[in-house]
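Trainee: Residues per chain are reported as follows:
2 protein chains.
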Amino acid sequence: MIILGVDPGSRITGFGVVRVHNGKIEHINHGVILMDADDAFPLRMKELGSAFREVMEKYKPQQVVIEKIFLGKNADSAFKLGHARGVIMYEAGLGGAEVQEYATRSVKKGVTGNGGASKEDVQAILKVMLSLKTISRIDASDALAMACYHAFEMKKKAIMQRAVSL
Amino acid sequence: MIILGVDPGSRITGFGVVRVHNGKIEHINHGVILMDADDAFPLRMKELGSAFREVMEKYKPQQVVIEKIFLGKNADSAFKLGHARGVIMYEAGLGGAEVQEYATRSVKKGVTGNGGASKEDVQAILKVMLSLKTISRIDASDALAMACYHAFEMKKKAIMQRAVSL
Chain A
16 MIILGVDPGS
26 RITGFGVVRV
36 HNGKIEHINH
46 GVILMDADDA
56 FPLRMKELGS
66 AFREVMEKYK
76 PQQVVIEKIF
86 LGKNADSAFK
96 LGHARGVIMY
106 EAGLGGAEVQ
116 EYATRSVKKG
126 VTGNGGASKE
136 DVQAILKVML
146 SLKTISRIDA
156 SDALAMACYH
166 AFEMKKKAIM
176 QRAVSL
Chain B
16 MIILGVDPGS
26 RITGFGVVRV
36 HNGKIEHINH
46 GVILMDADDA
56 FPLRMKELGS
66 AFREVMEKYK
76 PQQVVIEKIF
86 LGKNADSAFK
96 LGHARGVIMY
106 EAGLGGAEVQ
116 EYATRSVKKG
126 VTGNGGASKE
136 DVQAILKVML
146 SLKTISRIDA
156 SDALAMACYH
166 AFEMKKKAIM
176 QRAVSL
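Those protein sequence lines, which keep their order, are chains A and B.
Going by the numbering used here, the first residue of the first sequence is number 16, and it counts up by one from there.
Going by the numbering used here, the first residue of the second sequence is number 16, and it counts up by one from there.
Pulled out of the complex, with its shape left as it was, chain A reads as follows:
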């Protein structure tokens, strides 16, 4: 099973891809989609969607995971972010993937054991977990963490279903 984690943004969108095989999580790739800051917002959405389609076509994930958002004080940036998330959800659906959303806190807690962990903490653990020397793109580490967390959750669900059916 291929899981693609996405950290959407209207300028930089991070992504991380893992494969779950025989209960083990294996790192496939991670990276970022950069939009041209000089381009008008609608054009950036086209750039994002087209680039994300390439990611979908390359890795063919069965599951796409996006951060669940709690609206803070900055409604303006949440509104902009909404556009990027819509594009990701649409292309993920077109590519045949199921879309899952998790709160950052749950992901951090699941990956590091601490819901308030720093980005650096998350990266350090991801490196060990996925046997990576380095995570070249800082923006992609949240995406990678989401993909891993989703792998845990699916495993947990599978174990619980097995227990129930005993």
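Keep in mind that the hints are not guaranteed to be accurate.
Since copy identity is lost for identical chains, a pair holds within one copy or between any two.
[As the list claims (entries may be wrong)] Simulated pairs of lysine-lysine, BS3-like, Cα-Cα distance not exceeding 30 angstroms:
no., residue 1, residue 2
1, Lys75, Lys39
2, Lys95, Lys39
3, Lys148, Lys95
4, Lys124, Lys95
5, Lys75, Lys95
6, Lys171, Lys142
7, Lys95, Lys134
8, Lys172, Lys142
9, Lys95, Lys73
10, Lys95, Lys83
Think of the hints as simulated: they come from the structure by calculation, not from any bench.
Could you slot chain B onto chain A? The hints should help.
Mentor: Just chain B, lined up with the frame of chain A:
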């Protein structure tokens, strides 16, 4: 020139299509894209994008017009709306159209002469302007008004450019 006005929403998205020919605005069609309220939000974004792609492919507009949003108190609905707008912008761009945004107030003022006009006022004037007996879908009339307003604006710009180049 074909202009497509869009009134995006995460449950109902209205659209209106006009053709500008020899300085006259001609009504082509209007309608709504309905999403299944029982479906999860990400799935609705897929439904919206796929249906909107069909609209783009059917009418092949050179210009797509969307309402410009000013964030009010309800950040939550603005956030949801952002998703729908992102999908529209992306597919509009993929279809080769230029995307334009106008504030509702400007559109109402341009079409009826009054920025505070009611939906009914706008509809009444649209019917006369486009020689329509009825606008079957109430949700599409704002979209149709945007398309018409954009036609006015483009005409105005063309006249001004001609005046400048005299």
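Trainee: With reference to the structure, classify each hint as holding or not holding.
Mentor: Comparing the hints with the structure gives:
1. Lys75 x Lys39: For lysine 75 and lysine 39, the Cα distance is within 30 angstroms only inside one copy (19 angstroms; across copies 48 angstroms).
2. Lys95 x Lys39: Answer is neither; intra-copy 36 angstroms and inter-copy 36 angstroms both fail.
3. Lys148 x Lys95: The answer is neither: 34 angstroms in one copy and 39 angstroms across copies each exceed 30 angstroms.
4. Lys124 x Lys95: both (27 angstroms within a copy, 27 angstroms between copies)
5. Lys75 x Lys95: Classified as both: same-chain Cα gap 27 angstroms, cross-chain 27 angstroms, threshold 30 angstroms.
6. Lys171 x Lys142: Only inside one copy: lysine 171 and lysine 142 sit 22 angstroms apart there, 59 angstroms across copies, limit 30 angstroms.
7. Lys95 x Lys134: both (23 angstroms within a copy, 27 angstroms between copies)
8. Lys172 x Lys142: within (25 angstroms within a copy, 57 angstroms between copies)
9. Lys95 x Lys73: The answer is both: 27 angstroms in one copy and 29 angstroms across copies each meet 30 angstroms.
10. Lys95 x Lys83: The answer is both: 15 angstroms in one copy and 12 angstroms across copies each meet 30 angstroms.
Consistency with the previously given hints fails for numbers 2, 3, ordered from lowest to highest.
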